[in-house]
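Residue numbers (my numbering), protein chains in the order written: chain A, 1 to 228; chain B, 1 to 250.
Check the hints yourself; a few may be wrong.
[Unchecked claim] So, partial list: chain B residues that the calculated Cβ filter (under 7 Å) puts toward chain A:
hint, residue
1, I49
2, T92
3, A107
4, N237
5, L240
[What the hints assert, rightly or not] Here are a few chain B residues that sit away from chain A, every Cβ distance over 12 Å (derived from the structure):
hint, residue
6, V31
7, V95
8, E149
9, D163
Just so you know, the hints here were simulated from the structure itself, not pulled from any lab data. For every residue, glycine included, the Cβ atom is placed at its ideal position computed from N, Cα and C.
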Amino acid sequence: MTHTLHRIGDRKSLQRDYVVYGLSAQDAELTDRALKKRDTRKAHTRFMEICMMHDPVNAGCIYPSSNPYSKTLAKGNTWFDEMKLEMLPFTENLAVFDDLKKVSAVLKDLKEADIGMSIVVSGIFDEVNECCREAGLKRHTVNMSLGIWGREDLVPERKVLDIVTMCGHGLVSRHLVKDLIDKVKNRLITADEAGIRLGAQCVCGAFNTARASDLIKEMAAEDEGPKE
Amino acid sequence: MKIDDSCIRCRQCIPYCPVAAIVYDGKKDLVYVDQDECVECGVCMKSEICPVKAFIQPELKWPRTMKAKWSSVVYVHPETNIQGRGTDEMKTNDVTGRFRPGEVGFALELGRPSTGARFGEAEKLTTVLARLGVQFEPMNPLTGFIDTETGRFLESWFGHALDDEFRNTKVMTFIIEFKVAEERMLQVIEAIRRVSREIDTVMSVGLIVKCDGSGGIPIKPKLDKEGIRYYINGKTNVGLGRPSYDFDLC
């Protein structure tokens, strides 16, 4: 599905928001062919090892099985102790970065590792394209967003949208965002804690907790009015 | 999802619901889940915010079962054997060759962002799209509900009636996936824009295209010329998947 598309924000804010996704095709015949050529479990593990080396702000693994489940950094799971040990052949993995230089380094390492998985980067097109060039890659296919159509009166205000659209599965509630802004404003929790609390609702790990904290900080300050 | 009698009315759970289905009735001093609005995503229970564990998950019956399945991120749809609400779409295009040069893929996700959608809204679009002769994605679970010739819902699906109760079933989101020849892209966009004024929800609209030999995006000039706005960000498949699909065979 398209869960890392449609992330809203201005260029400055989006410059702290990149998702690197690694997956094997969910097609029986292709998967079979691919499996004959490589150890998929090993490839998924290597993908995440490379991502984790470059310090992502969040990351997640979805473990498909008869009873599917997921683990993410924002939910408090740790890579080496919990996520890595449970890596399965068809696990879906991703990592979120707040710095383009890290994305560039990840792509270079992935190209060198040649693990055979499809790799997708969500982020500002021209900057991701530059990363591809630096890594000696040429972009293959793109997915563009034409934005939100229909009853736009039903969606929350822009800055709240900037946060909730980082969970493309729709699990981060706009009302929770507002509730946590109030708590930050009243100094009951910090903006960083608010970012983690929001990220914990995201099942796949694509939610950028660091960017959410920044946006909450901004909104809490705006609500307080101008400083004397 | 329901709330049992152990609820202490602390109301801490209310903001956690992505579709605002948890309601406090001040007159009765009661917190309950609006069953019509609830999309059975389970965020309330999984958040573990309730201090007395008052959320209970009753056994679901058709068509309510669809709420849980279509709101889940990890559910594997048995009819397609694919996990989640859509397909791999362009994410594995370097391996599958699903989108070839000269084709444009569309993904219309109804209910996104932050709104939810009822299945009946899909038909408003699919009937128009079928008339335009689009190629619906066979591995998308929503395609399984429709007659791809007419775009209408089938009368039944695996023995379940696709009736008004089904049409009125609200889920987190669902995705209509299809592709068309590039020369028809603008016509289809215009048709979608017209129908978007009639739907009772929102949708996030995505376009997919294979890049040209130098990594360029071939549909950009057409979108720019027509003044069709697109975000500066999106998804890029960097072409590392193996075995590579041989696009030269197209």
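Hint check results:
1. I49: violated (9 Å)
2. T92: Holds, because the Cβ-Cβ distance from B:T92 to chain A comes to roughly 4 Å (cut-off 7 Å).
3. A107: Holds. Min distance 5 Å.
4. N237: Check passed: Cβ of B:N237 comes within 4 Å of chain A, closer than 7 Å.
5. L240: holds (5 Å)
6. V31: holds (14 Å)
7. V95: The claim is violated: B:V95 sits with its nearest Cβ about 5 Å from chain A, within 12 Å.
8. E149: holds (25 Å)
9. D163: Answer for B:D163: holds, closest chain A Cβ roughly 24 Å.
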